[in-house]
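Colleague: Each chain is listed here by its residues.
There are 2 protein chains.
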Amino acid sequence: MEYLEERDLDYIAIGAAVLGAGGGGDPYVGKLMAKAAIRKHGKVPLIKVDDLTDEQLIIPSAMMGAPAVMLEKLPNGGEPEAAFRALETHLGKKADAVMSIEAGGINSCIPIYTAACLGLPIVDADSMGRAFPELPMTTFGVAGLPATPMVVCDEKGNKLLIETVSNDWSETLARTATIAMGLASMISIYCVTGKELKDYGVRGTISLAREIGRIILEAHALKESPIQSILELTNGFLLFEGKIMDVQRNLTSGFVRGSVMIEGIESDKGSSFEMQFQNENLVGWKNGKPAAMTPDLITVMDRETGNPITTENLKYGQRVMVIGMPCDPFWRTDAGIAQVGPRYFAYDLDYVPIEKLAQAKEQG
Amino acid sequence: MEYLEERDLDYIAIGAAVLGAGGGGDPYVGKLMAKAAIRKHGKVPLIKVDDLTDEQLIIPSAMMGAPAVMLEKLPNGGEPEAAFRALETHLGKKADAVMSIEAGGINSCIPIYTAACLGLPIVDADSMGRAFPELPMTTFGVAGLPATPMVVCDEKGNKLLIETVSNDWSETLARTATIAMGLASMISIYCVTGKELKDYGVRGTISLAREIGRIILEAHALKESPIQSILELTNGFLLFEGKIMDVQRNLTSGFVRGSVMIEGIESDKGSSFEMQFQNENLVGWKNGKPAAMTPDLITVMDRETGNPITTENLKYGQRVMVIGMPCDPFWRTDAGIAQVGPRYFAYDLDYVPIEKLAQAKEQG
Chain A
1 MEYLEERDLD
11 YIAIGAAVLG
21 AGGGGDPYVG
31 KLMAKAAIRK
41 HGKVPLIKVD
51 DLTDEQLIIP
61 SAMMGAPAVM
71 LEKLPNGGEP
81 EAAFRALETH
91 LGKKADAVMS
101 IEAGGINSCI
111 PIYTAACLGL
121 PIVDADSMGR
131 AFPELPMTTF
141 GVAGLPATPM
151 VVCDEKGNKL
161 LIETVSNDWS
171 ETLARTATIA
181 MGLASMISIY
191 CVTGKELKDY
201 GVRGTISLAR
211 EIGRIILEAH
221 ALKESPIQSI
231 LELTNGFLLF
241 EGKIMDVQRN
251 LTSGFVRGSV
261 MIEGIESDKG
271 SSFEMQFQNE
281 NLVGWKNGKP
291 AAMTPDLITV
301 MDRETGNPIT
311 TENLKYGQRV
321 MVIGMPCDPF
331 WRTDAGIAQV
341 GPRYFAYDLD
351 YVPIEKLAQA
361 KEQG
Chain F
1 MEYLEERDLD
11 YIAIGAAVLG
21 AGGGGDPYVG
31 KLMAKAAIRK
41 HGKVPLIKVD
51 DLTDEQLIIP
61 SAMMGAPAVM
71 LEKLPNGGEP
81 EAAFRALETH
91 LGKKADAVMS
101 IEAGGINSCI
111 PIYTAACLGL
121 PIVDADSMGR
131 AFPELPMTTF
141 GVAGLPATPM
151 VVCDEKGNKL
161 LIETVSNDWS
171 ETLARTATIA
181 MGLASMISIY
191 CVTGKELKDY
201 GVRGTISLAR
211 EIGRIILEAH
221 ALKESPIQSI
231 LELTNGFLLF
241 EGKIMDVQRN
251 LTSGFVRGSV
261 MIEGIESDKG
271 SSFEMQFQNE
281 NLVGWKNGKP
291 AAMTPDLITV
301 MDRETGNPIT
311 TENLKYGQRV
321 MVIGMPCDPF
331 WRTDAGIAQV
341 GPRYFAYDLD
351 YVPIEKLAQA
361 KEQG
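The listed protein sequences derive, respectively, from chains A and F. Sequential numbering of the first sequence, starting at 1, is according to this note's numbering. Sequential numbering of the second sequence, starting at 1, is according to this note's numbering.
Same shape as in the complex, but just chain A (with noise of 0.2 Å):
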């Protein structure tokens, strides 16, 4: 059996960062969290999908919101254990383990968090294999199961069950409820079965999240760029190489949206790069022509630690590299297009994978 350890979390954190595309929040807080909960309550096991049987019951626990209100209206720590039981109690049964929703940001943590203080164990897959900002951009949602029942809990003590007729809904009155509860709240939803995570979960996120953090951490203590074997190990393509030149950021609707401006260093000299995104880093273009786009995961990072930069702390002057990685076979199905390729976020683009794109840039 393998065990998640405090250490284990310093990688997954600066992974999860990677794996967020930008968005998905700093896992900071998250982070502090689980360390505490495992120094607490003890290492949590980390089992694979392949270990469930197909009737057991896992519930996926997860933060909702704006991550960064994490920092000033800290949780209290019993609203994922609350929201766990709360939907435990209306499902009249009770979980094998616990999940993670997204692959990337603070929701690679908080579920360890969870298990740490139910003292269950967490199995090594997520349902986005990266961060989405809506409940309904799960593999599991693309699939057609519900996101409800869910629970909704806040650090004060309000709770929510709610039930919905679709996960649009969901996701309406979730997020409605989680603006007035002061922008986060901490949910558990999407409860699945053995056989429904071993059919539409993302495997072995957890790893791959912890596997990226310790080639980063431990290209720190060399002092050498970690870039290389991030690209090996996800089979990504480094996208450009810059400067950044402007950032414009603005908030609507509950949602960061923005642009950024690089322009080319070293082997890109003269080149140009602009990425928009919306929570997360949605197209990028080098020189006019795209180079990546959602489902594909594009991520920032700085050019000396590669160091993950998450939108929010794009800045005008970083050095940096900007990869992209493939993402889960599951969102390049049409359904997955429909849910969160570039159209569904208003590009007029028909999706193009981002291996595709590369060799089409190598031929061109």
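Below, simulated BS3-like cross-link-like pairs (lysine-lysine); rule was C-alpha separation at most 25 Å, straight line:
id: 1; chain 1: F; residue 1: 93; chain 2: A; residue 2: 93
id: 2; chain 1: F; residue 1: 93; chain 2: A; residue 2: 94
id: 3; chain 1: F; residue 1: 243; chain 2: F; residue 2: 269
id: 4; chain 1: A; residue 1: 243; chain 2: A; residue 2: 361
id: 5; chain 1: F; residue 1: 73; chain 2: F; residue 2: 40
id: 6; chain 1: A; residue 1: 269; chain 2: A; residue 2: 356
id: 7; chain 1: F; residue 1: 94; chain 2: A; residue 2: 93
id: 8; chain 1: F; residue 1: 223; chain 2: F; residue 2: 243
id: 9; chain 1: A; residue 1: 73; chain 2: A; residue 2: 40
Hint data in this document are derived by calculation from the structure and do not stem from the laboratory.
Using the hints, position chain F against chain A.
Modeller: Then chain F, alone, in the frame of chain A:
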């Protein structure tokens, strides 16, 4: 055993518009629903508070949001029952009776609909003795009883079970959900025991609404004015007789706020009356001096027919009688005044009971 029949709904609906003090919404759709349910399921037993044992469970059923929306976004009819049953399931207990949370407006009829559908009796009581716009504004709330657990359902089939740490949070979370659901929902809330209802309920308000309605409809048949009889029945006062010269209305944060200016006729010739409202009529001034104020009831009635006119139906040129009626004594406690007195609605006025204002006027 007394029963409510279809004909009673005609009386109750019009009487509830008088007790609505300008608010509570037009009972029209609620009346149609309740009459249809009685036609289908049979008449509804009307029981007295003292018929209940201390241990029995009573669940109020209500509509939340903007009653006018129900004319376009019709209920599917199943929501009140769904909300009621979901609360019973959560409590693990069957209810013995349904009740009204407010005596005024559409929520006089919705619980009768619910009782008919469920085959349960309705208690001759409510928790306001009038209409008020927010969930904490009940005698139950003032007595310290929690509004939650409560259930909110919409006509699409979405359902929320809400548990909060205060009734203000119940208001916030149920209100935001109701707005997201399209401005109208059906709720079950403030479940009470027979003992709690005996201690804190406002008794006899369904009978009172029915009696007021009967007086008005019989006066129509005889082409007489019902107003004197209503004043006798409710210990009320004629505050002003005049013609509406101006109506101001604006919609802010989901409430209709505004004022009406009335120019005196007959015995009030040469005088003027100003009234301000927020959903319900809040304060009336005759010649600049307060004549009545919340939580006492102020209702505008058509001078000819005695029909009550809700705030949304006030119009230039209407000849009206403004009447005032004392509120339930529960509202006149310090806790009651803190919750619904003039200062709660931002008026720089100490509450003075309507009968004292009337006496001062006579002496002045």
